[in-house]
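**Q** Based on the sequences and whatever the hints tell you, model everything.
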Amino acid sequence: MTALWYANVAAMLAVYVVLDGFDFGAGIVHLFVARTDAERRQVLAAIGPVWDGNEVWLIAAGGTLFFAFPKAYAASFSGFYLPLMLVLWLLILRGVAIELRSQLQNPLWRSFWDVVFAFASLLLAVVLGAALGNVVRGVGLDGTGSFSTPLFSDFRTGGRPGVLDWYTVGVGVFTAALLATHGLGFLRWKTSGAVQRRCAKAALPVWASSAALFVVGTAATVPVQPGLFAALAARPWSWALVLIALSGLTAVPIAHRRGAELIAFLGSSTFLAGVLAATASGLWPTLLPSAIDPRFSLDARASATGAHGLAVGLVWWTLAIALAVAYFAYLFRSMRGKVPAQEGTEGH
Amino acid sequence: VNPTALSDALFWHRVQFGFTITFHYLFPQLTMGLALLIVVFKWLALRGDERSGDAAGFWARIFGINFAIGVVTGIPLEFQFGTNWSRFSQFAGGVIGTTLAMEGVFAFFLESTFLGLFLFGERRLGPRGHFAVALALFLGSWLSGYFIIVTNAFMQYPTGHALRADGALELASFWAFLLNPWAIWEYAHNMSAAVVTAAFAVAAVGAYWTLSGVHREVGAANLRIGVIAGLVACVLQIFPTGDAQGKLLAQAQPATLAAMEGAFKSEPRAPIAIIGQPDVEHHTLENPIYVPALLSFLAYGHFSSPVRGLDDIPRDDWPDNIELLYYAYHVMVGLGTLFVAVMAMAAFLLWRKRLAATRWALWALMLAVPFPYIATTAGWLTAELGRQPWLVYGLMRTSAGTSPLVSAGDTLFTTLGFSGLYLVLGILFLFLIGREIARGPHAQGGHG
Chain P
428 MTALWYANVA
438 AMLAVYVVLD
448 GFDFGAGIVH
458 LFVARTDAER
468 RQVLAAIGPV
478 WDGNEVWLIA
488 AGGTLFFAFP
498 KAYAASFSGF
508 YLPLMLVLWL
518 LILRGVAIEL
528 RSQLQNPLWR
538 SFWDVVFAFA
548 SLLLAVVLGA
558 ALGNVVRGVG
568 LDGTGSFSTP
578 LFSDFRTGGR
588 PGVLDWYTVG
598 VGVFTAALLA
608 THGLGFLRWK
618 TSGAVQRRCA
628 KAALPVWASS
638 AALFVVGTAA
648 TVPVQPGLFA
658 ALAARPWSWA
668 LVLIALSGLT
678 AVPIAHRRGA
688 ELIAFLGSST
698 FLAGVLAATA
708 SGLWPTLLPS
718 AIDPRFSLDA
728 RASATGAHGL
738 AVGLVWWTLA
748 IALAVAYFAY
758 LFRSMRGKVP
768 AQEGTEGH
Chain B
1250 VNPTALSDAL
1260 FWHRVQFGFT
1270 ITFHYLFPQL
1280 TMGLALLIVV
1290 FKWLALRGDE
1300 RSGDAAGFWA
1310 RIFGINFAIG
1320 VVTGIPLEFQ
1330 FGTNWSRFSQ
1340 FAGGVIGTTL
1350 AMEGVFAFFL
1360 ESTFLGLFLF
1370 GERRLGPRGH
1380 FAVALALFLG
1390 SWLSGYFIIV
1400 TNAFMQYPTG
1410 HALRADGALE
1420 LASFWAFLLN
1430 PWAIWEYAHN
1440 MSAAVVTAAF
1450 AVAAVGAYWT
1460 LSGVHREVGA
1470 ANLRIGVIAG
1480 LVACVLQIFP
1490 TGDAQGKLLA
1500 QAQPATLAAM
1510 EGAFKSEPRA
1520 PIAIIGQPDV
1530 EHHTLENPIY
1540 VPALLSFLAY
1550 GHFSSPVRGL
1560 DDIPRDDWPD
1570 NIELLYYAYH
1580 VMVGLGTLFV
1590 AVMAMAAFLL
1600 WRKRLAATRW
1610 ALWALMLAVP
1620 FPYIATTAGW
1630 LTAELGRQPW
1640 LVYGLMRTSA
1650 GTSPLVSAGD
1660 TLFTTLGFSG
1670 LYLVLGILFL
1680 FLIGREIARG
1690 PHAQGGHG
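If you're matching them up, the sequences are chains P and B in order.
Just so you know, we're using this note's numbering here: the first sequence kicks off at 428 and counts up by one.
Just so you know, we're using this note's numbering here: the second sequence kicks off at 1250 and counts up by one.
Note that these hints are calculated values from the structure, not bench results.
Owing to the predicted nature of the structure, the values given are computational and were not obtained by experimental measurement.
Heads up, a few of these hints could be off.
In the SDA-like style, the derived pairs of lysine to any residue whose C-alpha atoms are separated by at most 20 angstroms in a straight line are [stated by the list, open to error]:
id, chain 1, residue 1, chain 2, residue 2
1, P, K765, B, L1374
2, P, K765, B, R1372
3, P, K628, P, L458
**A** Take a look at the structure:
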């Protein structure tokens, strides 16, 4: 039962990263691939109807973590107090930028929110990547069940590491490059005209940089969290996840070269989901490792709530996720096809 | 908590949560109330009333802006359970995590999917399809409200839980938790308050256009729906929803009731104070104007029933800010009573077909718009201050629920950040809403 909820939370987070990842990516690249107001609104029209729903996966995953593993939720959220507040402010700014940007026709108003959208998307990608880096590296859990992490200490991974060190910042930069690749793939698939051409042109070099950073990041993870690879090696079923991730990564450039737009986007989606799934299966049963001593790590089985809640939860959770998948299928179907450059001056 | 301890982490955790949730709830109350009124407008439009269709289109634009600010200011609240109140989350997460997760997976997915279709899809969906989408949006927003109210009701009146060996709570009965009697009345009271806010807003915009001599027909549609919905919701607010809540409070939280009323002495035929200033140090109410025996009747249904005063309750269990609690409650009740008077007067004029020509009544409706927000905020202050010193009533004290390692300095820093950010959001909101009202009901969708 605990393993199932561990998998549910991990799966929701993976869905979140794949979905919100493409609109983060669109935000990171939009200043470069969309130059005119009509093109900027083309990008916003492509993500406008879905970005809010995408972000709900974060809220829903957080709520599910809270419900199933209250101790882990309490320890991690209070331990990452300041970085999470930073995430909140960026999420607020980004949401406001998307929704309010086209309310006024004033070019200064629109330029301002365009830059806010790009800046918040980029910084969020880095911070969320750094958060993943922290979960892999481990934090200062000392057996009391809570911890406090400074934003930064000496930028080394040992001792009492900060939220930001060379490793977690590196993972953040990798994440930003990867989401840019993902966003370019989405925009190339969903748009037409000049925006699509610029996305197609940028896709390969940006992919190459994220692939290179992936290799470096994986190599860097070996000394930082050797347990992860030992666990992966000992669990043959997780090799499949690694293979799926790698096949997604290699599919992206091949599909871009052949002009198979949807396949390229699905490739980066597969890669993102595969890397996260492989990471989660390598960490199991740990929810949050301790950098001080593995005995102090937060274990999923010790952090879970009671059996009745988890059992009832399985009923409503399954029902709700089935409904959510149906809504998303309907929404994506109803906005199928390409978004052209926007006429007039109003609307997304 | 010692109220003078301004460098106390507990104080800043409470300020941060109180501030962010108060600001946030200014938006969902209009969202939830408007969702219902938009359904009504669209229903009338389906039956051939074009003016109601125009009104629905106008309120959809307001809804979109209001919803956006509501969403972005709502996310911090779920986070704060973990960031600021980690010992509370650890203790109660196994129970209240259920409804917070359910809100995400049931209500937010529904709302976020159909909001896009509602704002952008009118032409493609056709009138019936668009009505169905408005209905789904109404359902999603009211469902979201229910899950939050169940969460709060558990903190006020815990049901359906069991204590584990490790000292944390877990869910013992899903349905006892979800169908908490406290939640049912709290929900009814809260949702009719949301309709009051929206009805006053709708009526106020109708009054403004009518007074300005523009958009008369859509203005009249606004006035009609705003006043009728407003009168019904204002009456429901007092009876049965407010009354039922008061009776639950008398049974389950006697200290709260006594503090709200400024009742220090236990007595039969207890009076109710219409006005007065509590002097907590000397256990008296200064300059009171009393209605005899009314508190006994309202709390227990008999004029002779004894009501417990604060003097018979251990000092440790008194709410820790009796003065603010007392005023919050009196502001809520006073405004709620005035709302009934304003809406009854407007409804009478509407019935006599004289409302559009009665300028003083239109002025009253137009200027009344901020007061439901104040009354609702005062109502939530009453509920939350009244629950003190408990975080989960009878089970966990507020002082035991904070994050042990998050300092006052951290929390003050981020509170300042939230204050600045929310000030900007508030200014943007007022600017954009004012602009929409000036543009009127026939403008092309600035958003769609």
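**Q** Does each hint hold? Answer for all of them.
**A** Hints, verified against the model:
Between K765/P and L1374/B the alpha-carbon distance is near 19 angstroms, which keeps this suggested pair within the 20 angstroms criterion. Annotation: proposed proximity of K765/P to R1372/B holds, straight-line Cα distance about 18 angstroms (limit 20 angstroms). A distance of roughly 15 angstroms separates the Cα atoms of K628/P and L458/P; the hinted pair therefore holds under the 20 angstroms criterion.
The structure meets every hint from the earlier list without exception.
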